[in-house]
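In order, the protein sequences belong to chains B and R. To convert, note that position 302 of the first sequence is 302 in this note's numbering; the numbers rise steadily by one, no gaps. To convert, note that position 361 of the second sequence is 766 in this note's numbering; the numbers rise steadily by one, no gaps.
All clues stand as given, with none of them false.
Derived BS3-like pairs: lysine-lysine, alpha-carbon spacing no greater than 25 Å straight-line:
| # | chain 1 | residue 1 | chain 2 | residue 2 |
| --- | --- | --- | --- | --- |
| 1 | R | K521 | B | K339 |
| 2 | R | K614 | B | K67 |
| 3 | R | K566 | R | K614 |
| 4 | R | K409 | R | K421 |
| 5 | R | K611 | B | K69 |
| 6 | B | K69 | R | K674 |
| 7 | B | K383 | R | K705 |
| 8 | R | K584 | B | K67 |
| 9 | B | K393 | R | K626 |
| 10 | R | K608 | B | K69 |
| 11 | R | K566 | R | K580 |
| 12 | R | K626 | B | K82 |
| 13 | R | K597 | B | K18 |
| 14 | R | K693 | B | K383 |
| 15 | B | K179 | B | K243 |
| 16 | B | K18 | R | K608 |
| 17 | B | K69 | R | K612 |
| 18 | R | K566 | R | K519 |
| 19 | B | K69 | R | K626 |
| 20 | R | K674 | R | K459 |
| 21 | B | K69 | R | K584 |
| 22 | R | K587 | R | K555 |
| 23 | B | K339 | R | K793 |
| 24 | R | K705 | B | K393 |
These are computed hints drawn from the structure, not numbers from a lab.
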Amino acid sequence: MIYNDRLGEVMDLNALIKIIEKVGKIEIENIVIDAEELIINIPSSPPITIPQTPALKETLAEEGLIKIKEVPELDWEPPIEKYKGYIREVQFGKPKSEGGRGKVVKIGGQRALYRFEDPQPNPPVVTFDIFDIPMPGLPKPIRQYFQDVMEDPCEWARKCVKDFGADMITIHHISTDPKIKDKSPKEAAKLMEDLLQAVDVPFVIGGSGNPQKDPLVLEACAEVAEGDRCLLASANLELDYKKVVDAAMKYDHNVLAWSIMDPNMARDLNRKLIEAGLDPNRIVMDPTTCALGYGIEFSINAMTRLRLSGLKGDEVVNMPMSSGTTNANGAREAWMVNKEWGPREYRLPLWEITTGITMMLCGVDLFMMLNPIAVKTLKEIGKTLTTKPGEVKLNTNNYEWITCP
Amino acid sequence: MPKKISAMDIYKLLPKTNCKKCGYPSCMAFATKLLEKEATVDQCPILNTPKFEKNKKKIIEMISPPVKEVWFGNSEKRAVMGGDEVMYRYQLSFFNPTPIGIDISDNLSEEEIKNKAKEIENFVFERTGEKLRLDFIVIRNASKDAEKFKKAIEIVEKETKMPICLASLDPNIIKEGLKVVKSKPMIYAATKETLNDFIRVIKELKKEKDVVLVLSSNNVKELKNMSAKCLANGIEDLVLEPHTYPENIAETLDLNVMIRRSAIEREDKYLGFPILNLPINAYYYALKHECPMSGFFDDKDVVAKMFEATIADALLNRYADALIMHGTDIWELMPVLTLRQCIYTDPRKPQAVEPGLYPIGNPDENSPVILTTNFSLTFYTVTGDFEKDNVRCWLLVMDTGGKAVDVSVAGGQYNGENAKRLIEETGIAEKVNHRVIILPALAASTRGDIEDKTGWTCIVGTRDSSQVGDFLRKNWDKILNEWREKNRS
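Next comes chain B alone, as it looks inside the complex:
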């Protein structure tokens, strides 16, 4: 608000500027500045000649009684946080020069929470789930992509890499389960050898979920994949994790540390694995992914807390994280045929995408997924986290929707 003593009127800043334009210079004395508003007191003496031009009168008349209060410009600093800690970087695969099969994938390595603080050094990585036996239980909208290769895991892996650009492959040795086919660890290892020949991307090696059998299967597969920096999935407190740790250290692999939605459990497990001899730089944490609508909020909390602890400097939990995003396909809203809910070929990928994106924004680095649509979506959005603000040219006109036909 500007009070003009001479005219006995309240003026706004625009009017003042207009006056300055006319007279070129105004000397101001006895300035009073109030915290809420700026009051410039223009004293009547010494007199200033202000030509009363019609233009000025018009402007004042136009504005009538409506005066807009101007405020001095305020400053703002981007709220960038400095973190004491960092997230460890874990490597999968090895270059040929070091005796590997070629493809190398890295995850983790963050030094900040958000991209405006420091873009992620590595994009989130997706690993395609494949199974050593046909999976008739897979929902049809997913099965349609793999129907022709489900009898042959090597073909299945090739298809994931060739057709869908898989960064990595997760093989689940389901048939080793005593209740399914009770295949021996040796047979699993043979398949592992074939898979390593079939594609050059790194592997996640999974068992059947049987706690007695899995350590034996993982050990046998780890041996034939020696030096390939696979991820052994998984070590947890319900099985002989020491065997898994030994295999990882002996044959140069990483270990997936699986805990249940509890940051303290994740910490305890990591500590035990490290005590058993595992290099902490070889751990990827899996705090369990609950599907969207089936407890995803528990996963959000656990993952957020683990990532924050890691960045704050807790070196027992500053490992990158993995998510079994495939779990989303188990939600009945995703797979169930239900007219009221619309086509499931639309619902199914969206359920996996939503579960994955939510985990990604909580800090997850590695995604085990099934649906090619969901994989592509997650990868593309994941890449944006590695770009610097302003680096990508944006074409969106933010207001176009208002007048769209």
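Using the hints, position chain R against chain B.
Positioned in the frame of chain B, the structure of chain R alone reads:
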């Protein structure tokens, strides 16, 4: 983090008469409830007297969240945004689930506007016993014609009780709209260039307290200065809209985080307002450009809706306090509404129902006993399926701390000890003449433990509760007879 306020800090400002007129036994109890947002200052009659005016103001200031709670709508329905105090939901729940608005073009015919408005108002997706709905209607001035705009507003207000957002960048058009709208609308949007004109329009119509003004800019500093100017001019219900860029959504997520962090962690009151995002931009973007789902579906509209839902989900995860969307297909909105429901649950309260015995469909002494968990989603899904399929049974609901079957099996809450306690507490043994429990297939691994601890025979049932009716029709008589045979000898 801002400094912590204690109940004692509030108590000091209360009358300390313990008159109980607020509904609580003492002023200290009232202070605690105020702090937990379970009571409001208006409940204390003494605080409302002139003598306590200062104290009341102080208390309101103390308990006001760093992100202002802003609403628009009418006496029957309101869209409430913001009110949050924390950056992460595990610290304290997020309040006010993100209202979702759907657009209606003023170029549509009267009939089309009516139908669309009704469709938006009647939309419902039910889960865990809660009806999930859409929250407001965005009338967009696609015609650029003030008369059409006014007409559309009148039709929508006559047809529905939905809160309204008026969308036009032209202050003169908004001015015409404000003359006819009956409720408190949200105005989309003032930009840096038009802010003065919008303020003038609102002041002229003396609507400073009766509108919510959206400030739009992709520059946070600019948003801050725009908000400071509005506050100085008496417009206090503000919403901030950093631009939504579907082709690189990280840009928008960054802006959201910077705004929210400035408000909560840096206590910048000029940025302490709800954030509006525009997934609708993703919808229109996908119609014209490539997006990740292109190539998987021939129908461009399907691709656009999938992309819109994806962007909405990303934004819900990072501080979107209101969303404007285009699609109203249930398959598109299901994941968005489900995610919203999950993010805005109170982490201090598990999503649980009362454990115990629930008779379903008038069961008798020969009816099966089925064991499930007290996770509310599991419970409502199971009882819904059973009702649909005319299942008669005794449903035992075990206290798994509100965890689903697979999660509680893995976490160890679904176990023999718990089952035994439940059987004893409910007295189910006196209601049936058998000792057979049917377990969900996901809990198959707990069978031995439950049989050992309870002495009941466990049968592993189906994976999904929708298959239970069929399973029982085919197997229950046989299961029961076999059990009787075995236990006779």
